[in-house]
Amino acid sequence: MAEYRVIGTPVERVDGPEMLSGQALYGPDVKLPGMLWGKILRSPIPHGKVLRVDGEKARKHPGVKAVISARDVPTRRYGYAIEDEHIFAIDKVRYVGQPVAAVAAIDEDTAEEALSLIDVEYNELPAVFDAEEAIRDGAPLVHDLGQLNARSVYLASWHPVKGTNIIHQASNQRGNVEAALQKADYVFEDTFRPSQIHHSYMEPHATLVAVRGGTITVWTCSQEVFELRTVMAALFGVPESKMRVICTKVGGGFGGKIEPRLEPITIALALKSGKPVKIVMTRTEEFTASAGSTPAIVKLKTGVMKDGTLVARDINFLWNTGAHAEGLAPSNRAMKDGIGPYRIPDIRVTSTLVYTNRVRGTQLRGLGVPEGAWAIESQTDMIADRLGMDPLDLRLKNILREGDINSIGDAVQSIGLLECLEKVAAEIGWGKPKAKNVGRGLAVIAKSPTTHSSISGAHVLFNEDGSAQVMVGASEIGQGMCVVLSQIAAEELGIPVEAVGITCADTGATPYDRGTFSSRVTFYTGMAVKKAAEDAKRQLFEMASKMLEIPASDLVVENQRVVSVRQPQAALTLREILEHAHNHEKPILGRGWYGGKGDYPSLPHKTQGKEYVPGWKYAAQAVEVEVDEETGIIKVIKIASAHDVGTSLNPIGVKGQIVGGVVMGLGYALHERLEFEDGRVINPSFMDYKLPSSQQIPEIVPIPVEVPLPEGPFGAKGVGELAVVGIAPAIGNAIYDAFKVRIKDLPLFPERVLSAIENMDFKSGAG
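Under this note's numbering, the first residue of the sequence shown carries the number 10, and numbering increases by one thereafter.
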């Protein structure tokens, strides 16, 4: 491993003090003088025609400054991919919680009172809530697909089935799956049902909008400020130069703060009232009207030889996207990640996205991988059991190694999956004796990178005192981006981390970035920062070269000075150089971009002829659990989670990301599920929607594995999402190891586990 000054060193978060002291401005904290409060009236029914919206009484209520509905706002549809959403319901409502009207008033209480004065008349229509029911003949249609459009960048890859609720259907095949299945010694066919969960971020959605001098300024908690600016500018018919989006401090996103939520309505209220307007979602609104994950029914068919060689896989995903097509991202991502990190020559993945009259499903940490991993890793243990193999040995036989061909036809490079698997197995005591009712389980997982159009930009500006300001368009959502990017800049510039400041996610001040999602920031934004720092350092050396009359190639930065490696006495402080630059030449501003075509020239091309995109992430997870056979309660004793991170830029941050992800995966496995009754979420609070408590969190052993990726910043790949993914199947496998009961539906509620144990006992007694 290369020797670095800052990279690989544990560095505390540069934004930690302001968060701990309460000085950080999250969305709900931002205020402006004269600000109004907005509230949204939402549909109480899942499907129906809107016959009348009368806001006259609300307009006359003291303290109310604006009341708006569909007739007061632009009527065009919007969406990041599929344009299927209006600001307010126009012809009909499609889910419980859909916005119908909104008010702006002098305070929250007045706005809430005004909502009760708005009179809405509906004609309720038949609704459909289940994905399998939604694709049957005669099912109520949620949208008329003939009226919908996709944004231009998605148009070619959008495959709706008009006249149905199927908003998108696509298939990816490599080899001859049917022939391979026929030749297999065994074919395993199973159906798995992961659950729909909520992102459960601590900070609710919050948006503040002010209109001044013809410019609309939006303060909001967004993971993609530039995409949001583009969509909002088009929606309201203004140039992007007149739409500024500033990301506040974000208290967690996990994919739930990517697409617009409050922004369109808050903008409309600010335009109508002529005053700044702020809206903050209640926790109930978050559960009932924002979004959850996109749940899937996964049908998996796998062909296997007697020696355990996996030869074919056919996997079908049926996704319930709710009333809006934000599930397009996970449904498409499953096309790449759908077979798991295994060497399988013949594969087919089919992904079908379906509208229903439920709150939308959207992106969630892992982006389609958790649903596939639950099915694949559960079935892997089922195959091992049928063949009489150790589940570890079956995985060791089939996992991807360096040079193998992966699910999309790429030659695998820079992969530490084998080391990850071996380390978690050893950590959990795989193969060693265990107590009664104790089981151990494994899972291996992989996630593909974002596409070659995942572009990030960065600027690095040297200040006169020798410090540097990094400017990036990515959002800090709690993941520790600021400290990692500061480390990258400090390492490249040769200055202390403390001398680096960072400005992020402001479309009026920072360069373009595709956004904070899919574990892309360390890799893409990090490389942009590295390139910008390289550019700034080059300019610094050119300036010093002229001042010292020494070739720039002879210069290095040491102790806040630029020094000649050949003539150590020839040196200038950074302050001397930069004061000269600001007063006599020009400020030094480095620019860097990464993520476009041509940024990976050393890599091979895919077999399909498309350019390879680096950055695959790999992990292995292992658990030990104890199952109470009388209650079905699962006590997780220990979790080991090993991740191929490339280079661990900041060990503290890496381990923190792994531990945090594991806890989220624990909730996904054991506790979390949005419960519905006639399309309405019936557990819309943390009283009824259960997360893991501190007492339920076991010993967690984070294990970073470092196999550097040449295309990443100092070899880094990133970490964050995969820690969530493998926990559920590993626990499911551990339950089977303890009691020989296989559960295919999530979450693993005690009553579900107990029922499986009792059914097993009944069958044993009957036999």
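Each hint should be verified, as a subset may be incorrect.
Said to hold, decoys possible - Straight-line distance between alpha carbons at most 30 Å, and here's what the computed DSS-like set of lysine-lysine pairs gives: (1) Lys192 x Lys171; (2) Lys69 x Lys101; (3) Lys445 x Lys69; (4) Lys40 x Lys406; (5) Lys644 x Lys664; (6) Lys441 x Lys251; (7) Lys69 x Lys441; (8) Lys443 x Lys664.
Think of the hints as simulated: they come from the structure by calculation, not from any bench.
The model shown is predicted, which means the values in this text are computed figures rather than measured ones.
Please write out, lowest number first, the hints stated earlier that are contradicted by the structure.
1, 3, 4, 6 and 7
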